[in-house]
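2 protein chains.
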Amino acid sequence: MSRLFAILMAGGSGTRFWPASRRSRPKQLLPLGGDLPLLAATSRRLSPIVPGSRQVVITNLEYVDAVREMLPEVPPEQVVGEPEGRDTAPAIGLAARLVERLDADAICVAMPSDHVIRPEGLFREHLLAAELALEAHPASVLVFGIEPDHPATGYGYLRRGAAVGEYAGRAVHRLEAFVEKPDRATAESLLRQGDHSWNAGLFAFRPAALAAAYERLLPEMASALAGLAEAWGRDDFEARMAAVFPTLRRISIDYGVMEHLDDALVLPLPVEWDDVGSWTALRRLLEADERGNVVEGEALLLGSSGCVVSARGGLVALRGVDDLIVVHTPDATLVCRRDDDQGVKDLVEALRAKGLLSYL
Amino acid sequence: MSRLFAILMAGGSGTRFWPASRRSRPKQLLPLGGDLPLLAATSRRLSPIVPGSRQVVITNLEYVDAVREMLPEVPPEQVVGEPEGRDTAPAIGLAARLVERLDADAICVAMPSDHVIRPEGLFREHLLAAELALEAHPASVLVFGIEPDHPATGYGYLRRGAAVGEYAGRAVHRLEAFVEKPDRATAESLLRQGDHSWNAGLFAFRPAALAAAYERLLPEMASALAGLAEAWGRDDFEARMAAVFPTLRRISIDYGVMEHLDDALVLPLPVEWDDVGSWTALRRLLEADERGNVVEGEALLLGSSGCVVSARGGLVALRGVDDLIVVHTPDATLVCRRDDDQGVKDLVEALRAKGLLSYL
Numbered sequence: 000m001s002r003l004f005a006i007l008m009a010g011g012s013g014t015r016f017w018p019a020s021r022r023s024r025p026k027q028l029l030p031l032g033g034d035l036p037l038l039a040a041t042s043r044r045l046s047p048i049v050p051g052s053r054q055v056v057i058t059n060l061e062y063v064d065a066v067r068e069m070l071p072e073v074p075p076e077q078v079v080g081e082p083e084g085r086d087t088a089p090a091i092g093l094a095a096r097l098v099e100r101l102d103a104d105a106i107c108v109a110m111p112s113d114h115v116i117r118p119e120g121l122f123r124e125h126l127l128a129a130e131l132a133l134e135a136h137p138a139s140v141l142v143f144g145i146e147p148d149h150p151a152t153g154y155g156y157l158r159r160g161a162a163v164g165e166y167a168g169r170a171v172h173r174l175e176a177f178v179e180k181p182d183r184a185t186a187e188s189l190l191r192q193g194d195h196s197w198n199a200g201l202f203a204f205r206p207a208a209l210a211a212a213y214e215r216l217l218p219e220m221a222s223a224l225a226g227l228a229e230a231w232g233r234d235d236f237e238a239r240m241a242a243v244f245p246t247l248r249r250i251s252i253d254y255g256v257m258e259h260l261d262d263a264l265v266l267p268l269p270v271e272w273d274d275v276g277s278w279t280a281l282r283r284l285l286e287a288d289e290r291g292n293v294v295e296g297e298a299l300l301l302g303s304s305g306c307v308v309s310a311r312g313g314l315v316a317l318r319g320v321d322d323l324i325v326v327h328t329p330d331a332t333l334v335c336r337r338d339d340d341q342g343v344k345d346l347v348e349a350l351r352a353k354g355l356l357s358y359l
Numbered sequence: 000m001s002r003l004f005a006i007l008m009a010g011g012s013g014t015r016f017w018p019a020s021r022r023s024r025p026k027q028l029l030p031l032g033g034d035l036p037l038l039a040a041t042s043r044r045l046s047p048i049v050p051g052s053r054q055v056v057i058t059n060l061e062y063v064d065a066v067r068e069m070l071p072e073v074p075p076e077q078v079v080g081e082p083e084g085r086d087t088a089p090a091i092g093l094a095a096r097l098v099e100r101l102d103a104d105a106i107c108v109a110m111p112s113d114h115v116i117r118p119e120g121l122f123r124e125h126l127l128a129a130e131l132a133l134e135a136h137p138a139s140v141l142v143f144g145i146e147p148d149h150p151a152t153g154y155g156y157l158r159r160g161a162a163v164g165e166y167a168g169r170a171v172h173r174l175e176a177f178v179e180k181p182d183r184a185t186a187e188s189l190l191r192q193g194d195h196s197w198n199a200g201l202f203a204f205r206p207a208a209l210a211a212a213y214e215r216l217l218p219e220m221a222s223a224l225a226g227l228a229e230a231w232g233r234d235d236f237e238a239r240m241a242a243v244f245p246t247l248r249r250i251s252i253d254y255g256v257m258e259h260l261d262d263a264l265v266l267p268l269p270v271e272w273d274d275v276g277s278w279t280a281l282r283r284l285l286e287a288d289e290r291g292n293v294v295e296g297e298a299l300l301l302g303s304s305g306c307v308v309s310a311r312g313g314l315v316a317l318r319g320v321d322d323l324i325v326v327h328t329p330d331a332t333l334v335c336r337r338d339d340d341q342g343v344k345d346l347v348e349a350l351r352a353k354g355l356l357s358y359l
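Quick mapping for you: the protein sequence lines, in order, are chains A and B. Those letters in the first sequence? Residues 0 to 359, per numbering that gives the first Met the number 0, in order. Those letters in the second sequence? Residues 0 to 359, per numbering that gives the first Met the number 0, in order.
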């Protein structure tokens, strides 16, 4: 019987999916490239081996109600709201403490809730392999490494060292180094070397091992998190969260913890992975028509090619245009070039600067 | 005291302004290029010399309620619904009969309700000149001629002959001939000749003179219209309209009447006129920003030029795109090239063919 628990990180706001994503409806709550909202798909992807009862979700306080409604199989108290985002170290550290309270012998996997991973069966087999690896290496933290298919410059890389063993048929290695987001030439070199994977923010660990690492590397945070975890389930939990959480150091678990460990492991994950980073991701996630257009929602395209179309609560009609991103929502429409990754962020910034806050 | 009455033709459906125009919300009820719906602007443009109490509006039966609400100064019974459009001859012929019942000595101006005419004062001065001309020539029909500023191929032309007199300082001429929509070379030649104006469907006449012309040229229609006008104000008017109107010959007043008159007059109208024929008309009606974009409604444009944007009930955000038409409505968004005049019609046809009727 698996002792796996899952921590789902669901705190982001995702301005890159404006106008579909809004302050009140962040990326992870949207069905991007599929039928289910990304968070619901992440939870369901786990559920055959980690049922909702063993999932803990960390999200923004303002999304707690929406998340509880979206994930009815996760006990409501296991959906925890951050009064303010402090990056991943406080969030994962707290969630690990909560899992420890649920089951002192748990093994945790922690992951973002807004990525797409396929095929799901293969993904789950690797989670079970990670569990076996951590039973053999109880003090280690394991990082999953996505097998790169191109020299991406937008992700950090994981360099693997010697194999430490094979678990459920999957080789697990020493993690030799975290490599910062590389430039193009470095990324090409890493790919040629063949011993690097992408760091996608997927981890596995025993809560006690993670707590020990925090106590050594982030002792103040460790003690604050222990106090918060102790209050969990009491009436004053929310008040303590409101008082304490915003005072925690804002730091990622990579910088704050992972990069300083000398006994971390890496498990290569040979899956199709997408962090759904911008509208153009739909070109990878959806099947294109014969003219290279991808569409989610209702659309009518005449004489148009290479477009990315999202129509929510309405129809998008295109004629004679190429290589555009067109996103319709009832109160706002976006049109930009497909190759203009920065465009949406700049528009959201400009909306903020102009005080058009009702559209954010 | 002026005896002018006005007939406003408000029957069109205007698919070229999809998705702003719909079956239930045709072009003339939309505020295109201004603050007021085109019909309301047409009514208000007249009102200093022809108050609402002396205006008669002919529209589709299904728009009657909306028109009455939009034009509270027009008595409700003077908003008449056609059970089915039969082109302009039946509509203007009926309206002229109704005006005759309101005032046997009336002089009528008849015009489309979905054009833009500026400046308004100059326009009204010419209506008063037409009234004076018709007092001097009571049996004639007068056609207003728009002074062409380019060799348009989309309008019919009016050739003027000798002046018959000057009224309120404006020369009125014999109308020598209607010229069909010309090809480009012919249009250039007409412009060089200097004695041709555009036929914009603006007429002035005494109802008795028009009735006489119908009796001679369209005798069956004349008698049917006389019967309908007699029923106006009675309980059976609507039933008679439903029974009789759809049986009338479908013909324009130009083909059916005007072109056969030998004593018609033409009054050149030196105004800025626009028939608001497609979304690109907004480029003539609205002031462009420094990059040549025109916008109605709320929009945010970054690095974009030459675009035509209409945002109704929401915001349009563009970045890095050029020469597009982008129209947002809450349930549908249109994107096409600015030079693609046919695009909107083709999209509407395709929506119909696909059975996406809720968007029409």
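Derived from the structure by calculation, the hints contain no laboratory data. Each hint should be verified, as a subset may be incorrect.
Unchecked claim - Restraint-style ranges between C-beta atoms, simulated for each label pair:
| hint | chain 1 | residue 1 | chain 2 | residue 2 | range |
| --- | --- | --- | --- | --- | --- |
| 1 | B | ASP345 | A | PRO74 | 52 to 58 Å |
| 2 | A | GLU146 | B | LYS353 | 30 to 36 Å |
| 3 | A | ASP182 | B | GLY276 | 51 to 57 Å |
| 4 | B | PRO50 | A | ARG351 | 47 to 53 Å |
To be verified - The calculated lysine to any residue pairs, modelled on SDA-like cross-linking and capped at a C-alpha distance of 20 Å, are:
| hint | chain 1 | residue 1 | chain 2 | residue 2 |
| --- | --- | --- | --- | --- |
| 5 | B | LYS353 | A | LYS180 |
| 6 | A | LYS353 | B | GLU289 |
| 7 | B | LYS353 | B | GLN341 |
| 8 | B | LYS180 | B | SER251 |
| 9 | B | LYS353 | A | GLY319 |
| 10 | B | LYS353 | B | ASP86 |
| 11 | B | LYS353 | A | GLY312 |
| 12 | A | LYS180 | A | ALA151 |
| 13 | A | LYS180 | A | GLU297 |
| 14 | B | LYS344 | A | GLY319 |
| 15 | B | LYS180 | B | ASP86 |
| 16 | A | LYS180 | A | ASP253 |
| 17 | B | LYS353 | A | ASP288 |
| 18 | B | LYS353 | A | LYS353 |
| 19 | A | LYS353 | B | LEU301 |
| 20 | A | LYS344 | B | GLU289 |
| 21 | B | LYS180 | B | ASP148 |
| 22 | A | LYS353 | B | ASP148 |
| 23 | B | LYS344 | A | GLU297 |
| 24 | B | LYS353 | A | GLU297 |
| 25 | A | LYS353 | B | ARG15 |
| 26 | B | LYS180 | B | ILE250 |
| 27 | B | LYS344 | A | LEU301 |
| 28 | A | LYS344 | B | GLY302 |
| 29 | A | LYS353 | B | GLY313 |
| 30 | A | LYS344 | A | LEU301 |
| 31 | B | LYS353 | A | LEU301 |
| 32 | A | LYS180 | A | PRO137 |
| 33 | B | LYS344 | A | GLY302 |
Quick reminder that beta carbons are idealized off the backbone N, C-alpha and C, glycines included.
Hint check results:
In this structure the supplied range 52 to 58 Å holds for ASP345(B) paired with PRO74(A), their Cβ-Cβ distance being about 54 Å. As the Cβ distance of GLU146(A) to LYS353(B) is approximately 42 Å, the hint placing it in 30 to 36 Å is violated. One distance hint, 51 to 57 Å for the beta-carbon pair ASP182(A) and GLY276(B), holds here, with the actual separation near 54 Å. Checked against the hint of 47 to 53 Å, the pair PRO50(B) and ARG351(A) passes, with Cβ atoms roughly 49 Å apart.
As the CA atoms of LYS353(B) and LYS180(A) are separated by approximately 48 Å, the hinted pair breaks the 20 Å bound. With a C-alpha separation of about 19 Å, the suggested pair LYS353(A) and GLU289(B) falls inside the 20 Å cut-off, and the hint holds. Note on LYS353(B) and GLN341(B): the hinted pairing holds, with a Cα-Cα distance of about 18 Å set against a maximum of 20 Å. In summary, the hint linking LYS180(B) to SER251(B) is supported, as the alpha carbons are separated by about 15 Å, within the 20 Å threshold.
Distance restraint check for LYS353(B) and GLY319(A): the Cα-Cα separation of roughly 19 Å lies within the 20 Å cut-off, and the hinted pair is therefore satisfied. Restraint check for LYS353(B) and ASP86(B): not satisfied, since their Cα atoms lie roughly 28 Å apart, outside the 20 Å limit. Restraint check for LYS353(B) and GLY312(A): satisfied, since their Cα atoms lie roughly 18 Å apart, inside the 20 Å limit. Taking the CA atoms of LYS180(A) and ALA151(A), the gap is near 8 Å; set against the 20 Å cutoff, the hint holds.
For the suggested pair LYS180(A) and GLU297(A), the alpha carbons sit about 38 Å apart, so the restraint of at most 20 Å is broken. For the given pair, LYS344(B) sits about 13 Å from GLY319(A) by alpha-carbon distance, which is consistent with the 20 Å threshold. Restraint check: the Cα-Cα separation between LYS180(B) and ASP86(B) comes to about 18 Å, which is no more than 20 Å; the hinted pair holds. Distance restraint check for LYS180(A) and ASP253(A): the Cα-Cα separation of roughly 13 Å lies within the 20 Å cut-off, and the hinted pair is therefore satisfied.
Pair hint LYS353(B) plus ASP288(A) holds up; C-alpha atoms about 17 Å apart against a cutoff of 20 Å. Straight-line distance between C-alpha atoms of LYS353(B) and LYS353(A) comes to about 40 Å, which puts the hinted pair past the 20 Å bound. At most 20 Å may separate the alpha-carbon atoms for a hinted pair to count; LYS353(A) and LEU301(B) meet this at roughly 13 Å. Taking the CA atoms of LYS344(A) and GLU289(B), the gap is about 23 Å. The hint is violated against a cut of 20 Å.
For the hint pairing LYS180(B) with ASP148(B), the CA-to-CA distance comes to about 16 Å; that is within 20 Å, so the pair holds. A hinted pair counts as satisfied when its Cα atoms are at most 20 Å apart, and LYS353(A) with ASP148(B) does not qualify at roughly 40 Å. At roughly 19 Å between alpha-carbon atoms, LYS344(B) and GLU297(A) fall within 20 Å of each other, so this suggested pair holds. Distance check on the hinted pair: LYS353(B) and GLU297(A) sit about 12 Å apart at the alpha-carbon level, within 20 Å; holds.
Between LYS353(A) and ARG15(B) the alpha-carbon distance is near 33 Å, which puts this suggested pair outside the 20 Å criterion. Our distance criterion of 20 Å between C-alpha atoms is met by LYS180(B) and ILE250(B), whose separation comes to about 17 Å. Annotation: proposed proximity of LYS344(B) to LEU301(A) holds, straight-line Cα distance about 12 Å (limit 20 Å). A distance of roughly 14 Å separates the Cα atoms of LYS344(A) and GLY302(B); the hinted pair therefore holds under the 20 Å criterion.
A hinted pair counts as satisfied when its Cα atoms are at most 20 Å apart, and LYS353(A) with GLY313(B) qualifies at roughly 15 Å. This hinted pair does not check out: LYS344(A) and LEU301(A) have alpha carbons roughly 29 Å apart, beyond 20 Å. A threshold of 20 Å between alpha carbons decides the hint, and for LYS353(B) with LEU301(A) the separation of about 13 Å falls inside it, so the pair holds. About 29 Å separates the Cα atoms of LYS180(A) and PRO137(A), which puts this hinted pair outside 20 Å; it is violated.
With a CA separation close to 14 Å, the supplied pair LYS344(B) and GLY302(A) stays within the 20 Å bound.
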